[in-house]
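J.: Just need the whole structure built from these sequences, with the hints factored in.
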Amino acid sequence: MFKSKKYTFYLLPFALCIFVMLTACSVAYTLKDISIDYNKYKTIKINFIDNKAPLINTQLAPKLNEKLQQKIVSQTKLNRTTNDDAHYQLSGFISTYNISTTAISSTQAATNRLTVGVHMIVKNTLENKTDEFDVSRNFDFSANKSIDEAYVQLQDEIVRNLIDEIFNHIFSNW
Numbered sequence: 017m018f019k020s021k022k023y024t025f026y027l028l029p030f031a032l033c034i035f036v037m038l039t040a041c042s043v044a045y046t047l048k049d050i051s052i053d054y055n056k057y058k059t060i061k062i063n064f065i066d067n068k069a070p071l072i073n074t075q076l077a078p079k080l081n082e083k084l085q086q087k088i089v090s091q092t093k094l095n096r097t098t099n100d101d102a103h104y105q106l107s108g109f110i111s112t113y114n115i116s117t118t119a120i121s122s123t124q125a126a127t128n129r130l131t132v133g134v135h136m137i138v139k140n141t142l143e144n145k146t147d148e149f150d151v152s153r154n155f156d157f158s159a160n161k162s163i164d165e166a167y168v169q170l171q172d173e174i175v176r177n178l179i180d181e182i183f184n185h186i187f188s189n190w
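Note that the sequence shown covers residues 17 to 190 in my numbering.
Quick caveat, the hints were computed from the structure, so don't treat them as lab data.
A hint or two may mislead.
As the list claims (entries may be wrong) - Quick list of the computed label-pair ranges, beta carbon to beta carbon:
id : residue 1 : residue 2 : range
1  : Gln85     : Lys161    : 23 to 31 Å
2  : Gln171    : Leu142    : 30 to 38 Å
3  : Phe64     : Thr141    : 12 to 20 Å
4  : Ile72     : Asn184    : 21 to 29 Å
5  : Lys93     : Ser162    : 39 to 47 Å
6  : Asn177    : Asn55     : 26 to 34 Å
7  : Asn95     : Asp172    : 26 to 34 Å
8  : Arg176    : Pro70     : 21 to 29 Å
9  : Glu143    : Arg96     : 19 to 27 Å
10 : Asn184    : Ile120    : 30 to 38 Å
Said to hold, decoys possible - In silico DSSO-like cross-links for lysine-lysine, where the CA-CA straight-line distance does not exceed 27 Å:
id : residue 1 : residue 2
11 : Lys83     : Lys58
12 : Lys161    : Lys56
13 : Lys79     : Lys61
Note that beta-carbon positions come from the ideal geometry of N, C-alpha and C, so glycine has one too.
T.: Following this line, the structure appears as C-alpha cells:
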C-alpha cells in the first residue's frame, strides 16, 4: 500500500504539468492574412465573370461567380453592392479553357491536360487604382475520359483553386 501512494504522489504532479503544458501552448497556422483596412473600405461590387475562351464550358462561369461571391462574403467584412461607387469593383472573364495531350503511351494519349485561365480586373475606387492579373491552372485527367466527363470529375478542384488564387491576389497581396 505504501508503494502505490508513492507512485500517486509523483504521478499526480507529473500529469498536472503535462496537462498545463499541453493546454497552455497553442500553435495556430492560418492563411487568412487578409489585408483590408475596414475603416476605409466597406463595399464591393462583384460583376459577372464572362466566358470569352475559344472553347466554352457553360457551367464554369456561373460556378466561378457563385463561389467567388461566397468566399468574399464569408471571409471579409465587405458589404456587397450593385452601386458603381463601391470601394472595390471586381470584373473579369474566363480567357482560357483548352485541352492538350501531356503523356503518350505507345500510340495513343494516356493523359490530357485541361488548362483554365481567368483574367481579373480589380478597381480600387478610393485610391483610383486598377489592377489586372491572370490566373491559370492545369488539371490532368485520363485520356479515356471526354472533356465533359473530366470537367464533372474536376469541377470542384478547378473552381476552388481558381477562386483561392483570385482571392489571395486581391486581398492577401500575393
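J.: Confirm or reject each hint.
T.: Structure-based check of all given hints:
{"no.": "1", "hint": "Gln85 x Lys161: 23 to 31 Å", "in the structure": "holds (30 Å)"}
{"no.": "2", "hint": "Gln171 x Leu142: 30 to 38 Å", "in the structure": "holds (36 Å)"}
{"no.": "3", "hint": "Phe64 x Thr141: 12 to 20 Å", "in the structure": "holds (19 Å)"}
{"no.": "4", "hint": "Ile72 x Asn184: 21 to 29 Å", "in the structure": "holds (26 Å)"}
{"no.": "5", "hint": "Lys93 x Ser162: 39 to 47 Å", "in the structure": "holds (43 Å)"}
{"no.": "6", "hint": "Asn177 x Asn55: 26 to 34 Å", "in the structure": "holds (32 Å)"}
{"no.": "7", "hint": "Asn95 x Asp172: 26 to 34 Å", "in the structure": "holds (28 Å)"}
{"no.": "8", "hint": "Arg176 x Pro70: 21 to 29 Å", "in the structure": "holds (24 Å)"}
{"no.": "9", "hint": "Glu143 x Arg96: 19 to 27 Å", "in the structure": "holds (20 Å)"}
{"no.": "10", "hint": "Asn184 x Ile120: 30 to 38 Å", "in the structure": "holds (35 Å)"}
{"no.": "11", "hint": "Lys83 x Lys58", "in the structure": "holds (20 Å)"}
{"no.": "12", "hint": "Lys161 x Lys56", "in the structure": "violated (49 Å)"}
{"no.": "13", "hint": "Lys79 x Lys61", "in the structure": "holds (17 Å)"}
Of the hints listed earlier, the one the structure fails to meet is number 12.
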